[in-house]
Amino acid sequence: MQQNFDSMRKKNILMFLIIGVFVLYLIRLMSLQLFNDQYRVYADSNAFYQRTVYPSRGLMYDRNGSLLVYNQPAYDVLVTMREVEDLDTVDFCQTVGIRRDVFDQQMSAVKNRRLNPGYSSYTPQVFLSQLSSETYGVLQEKLFRYKGFSVRSRTLRSYMQPIAAHALGYVAEVNQKDIERDPYYVPGDYSGRSGVELTYESVLRGEKGVEVLLRDAHGRVKGRYDEGKRDQPAVPGHDLTLSLDMELQAYAELLMQNKRGAIVAIEPQTGELLAYVSAPTYDPGLLVGRNRANNFRTLERSPHKIFLNRPIQSNYPPGSTFKPAQALVLLQEGIIRPETQVSCQMGYYYAPGHKVGCHAHASPLPLAPAIATSCNAYFCHGYRTMMDHSKYGSIHVAMDKWRDYMVGMGFGYPLGIDIPFEKRGLIPNSQYYNKWYGEKGWRGATIISNAIGQGEVLATPLQIANFCSTIANRGWFITPHLVKQIEGVELNSAYKRRNQTGVDAAYFEPIIEGMHGAVLNGTARGVQIPGIEICGKTGTAQNSAGEDHSIFMCFAPKENPKIALLVFIENGGYGATWAVPMASLLLEKYLNRRVEDTRLWMEQRLLNANLIELESY
Amino acid sequence: MNRTDVTPFWKALDWWVVGLYVLLCVVGCLSIYGASFDFEHPGFFDLDQRSGKQFVWFILALVIGVFLLMMDSNTYYNWSFILYAGIILILLLTLVVATDVKGSRSWLNMGFVSIQPAELAKFSTALALSRLMSSYNFQLRQTKSVLMIGSLILLPMLIIVLQKETGSALVFAAFILMLFREGMPGVLLFLLVCLVAYFVLSIRFGEDLLFQTTSLGPMLVLLLIFIILCGMLITYRKDYALVKGLVFIQLPIFVVALLVNALGWFAFDVNDVLVTMLILTVLFLLFKALVLRMMPYFYLSLFVLFSIAFLYSTDYAFDKILEPHHRVRIQVLLGMKDDPSGAGYNVNQSKIAIGSGGLFGKGFLNGTQTKLKYVPEQDTDFIFCTVGEEQGLMGSAFVLGLYLALFLRLIYLAERQRNPFARIYGYCVVSILFFHVFVNIGMVLGLMPVIGIPLPFLSYGGSSLWSFTILLFIFLRLDADRTQYR
Ligand SMILES: [Zn+2]
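Residue numbers (the numbering used here), protein chains in the order written: chain A, 1 to 617; chain B, 618 to 1103.
Keep in mind that the hints were calculated from the coordinates and are not lab data. Ideal placement from N, C-alpha and C gives every residue a C-beta, glycine not left out. Mixed in with the good hints there might be a few duds.
[Stated by the list, open to error] Not everything, but these chain A residues come out facing chain B in the computed CB check (under 8 Å):
(1) Ile-18
(2) Val-21
(3) Tyr-25
(4) His-516
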């Protein structure tokens, strides 16, 4: 019995031991499978290879709907080392157009984990990038002979015409900073680097898609997961309709050949840029494809600062084109009335023996003719009167008041165009002069040059063009912009809102009369086009380093203006010489869609002008 | 024995065990299909695929099973020693002629099929042990019996170790469970647990130094020995006075020794103090045993001496006897090394596979971990991963349940035998199968070191499936004949 009892006890111990182990294992299973999500994540990252599907970048059309920027397939040759077998290297090199030593060099570069950290002999690696379509065609036919090699297509930017480089900007491979800033990017992605391509990057790039593939422990792809049900298709980027008029843009760039400067044309009612030229310019196609790096370096080294986006990045004293703004402030502040006459004896004496010079014209003149003849004395007198006027209490108040009007008219700060890296120009305020001269150290006479758009005042060509558009609108402007419409996306509301200048519309009439007068019988006679009423104002930005820069702003028609135009030619000398006839041709081109044969001599004269060489002395 | 009395085996056969066996084998085939599933070759019965082969081996195993059931049950008793001797010879032969396969010399190439004689040694040793222990007048506690049992078990074990199949050799340790049931003193089982505890503690904390003088591992083991000694003195002798004396004398000395080291007055190995105190205790116990003629004190002092000796041979065994990869596996298991790409890789990927299964699993053939070869040996030693990943907790618990039911049923069957030969053999079967499941699933779950032994009936491989089938069906045959004896 004792024996039997002992056996039963031991049998039970054994059974409990076995049950105990199973309970322990069950608890372990539950802790692994139910109370720890980590393992599922590990398993997924092990097995799922998420292959990125690249969306096509948004296209760009001009304002009339003609295609400007599109995508063209380019082909990368990939190699899967594990699968390379019996390669006829000589034949292969010939087909893809590389030398034998380049081939060996590329092969070892692919295998080098320092240069290519993601290397795996089981997955395709980039061997050659951006093959041309022609080379691809030849390779495609022979591809079956090169085991282990495959081709991946990507898209590259292509341009219908080699124009508008500074407006469009360019696309480049993302750098480390982009990747850190925006998790969307991974190394090897492309993103807009300047111009519209940069500003509208987020709508142009679309959304990457994902193909969920299964990958084994060696990194070999074993097929699609769940028949592709978990794939996410790529969403193509939104197409843009630019406000540019391709014909006008091309013509403007043609006329600007061999010159440096900027042309900005704005549709006053909408703020849309009709032309946007920075000269000298380049073919945007140069910054695409395999030779991109070389071309970029060449352009960058040019003495003409090709990458300087002149319409928004060059600051100049606006000269006489600033006088209408001056007049508007004086009118609004009641310092002058349109009938106010100021006499001019070849200039304005602001202190005994000190004068701002003027040229010969009838005197005294009321406002409109003063603008037409660009009389310096008129504006110096007005400006000084305002600065020293007792109603402000001090010159500081007067100065800041004046500054506020100028800012209201779009000067002094970046306007907010949809092209990045815009400069602000300069409208000084009282503090600015306090710093220079001390609080009591300056009077109207001290800063008299501001009156005629010189002195400390600086403006970008875009700001001057925008001001011209403001005059055309009689008192308001819409922030200039290059993109008229984004497919499927609302445009930034800033590009729809009217900005009021704070100057009554009525005060613009004498200004417009004056600018009209300048065209009829003043400094801008050369712009006249039969049948079109044009208002214009010439200007000269003084240049201590060489020939002055010539400026001309104009709008037309006088009633219901369709275009406000600024032509800025560096070292163009007096405005009437180059800027005025160029504006005339551009207005005619835009408004009449063609240039009369009788005026082709003007065109020829402009095309032949080489102002870049002039500068070289 | 009268031939006509023999019941047809299918009438007395325990269909519960057969059912569980078939279920496990089917789960095995399906899991192997899942584990070796290739997207490009999805055929189940494709004989080029592992699942197809396993299915064939399963059918053959059934044929073998039926054949075994048709044999006269006395055959097994009569032939057990001859079978044992024969298998030992084959094992030796294998050692000589086998070619080296991944460092192991255990496969015997028979032309059309390769077999692993080590697998066959399991049931032949079980039969021989049963025959020996069921013989008339056999007394387990006699020294002669112990030596004979020891030789029967250690002989095949030794040869298999020489074949570099350490995992298979370890399986023979499973007979301890059977021996326990058959009268081996429970103290021995307890001692075994102590040894494992000593080993784990001394290795796990062996590299942690206190005050630059004292290794933490041995210190913990020495303290454990002291605690066990006190516990046994209380349990077996109710000698509270002695325990109080030991604690009041030794604890202050130990604390002072620690303090002296900690304050940096004098640097020495605290463990030397502990060992000295234990030896003094042993001397005192021996003195008590001799003077008072009380054997328990003698055994206790032997236990302490043996424990100390074991402790100091552990380091030696760990560093000198174990192979480097075994050493790393143990260190990884004990959390001393983190090596997710090396030795820890298998277990890590296996845990990921099972852990990612969740409650209901990813579904049949949807497991990514196992399918895409992240888990190595996924259709042999790590087959349980496939179940865990694709069938989740429900499936794994179901399989565990099948095994538990099988073992409990086998214990029940063993206990109902009137013939000690059949009973002992039954316990051998339970011990061997349980040991396999215990170690294999423990390994897959990351609770055991990586020891390459198959999961019975589930793992891919003809040799192991057949040997488990033979092991089990001989017992079923014996059980079917239970009424024929006495
Ligand atoms: Zn004048």
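Checklist entry - Does the structure break any of the earlier hints, and which numbers would those be? => result Per hint list: single violation, 4.
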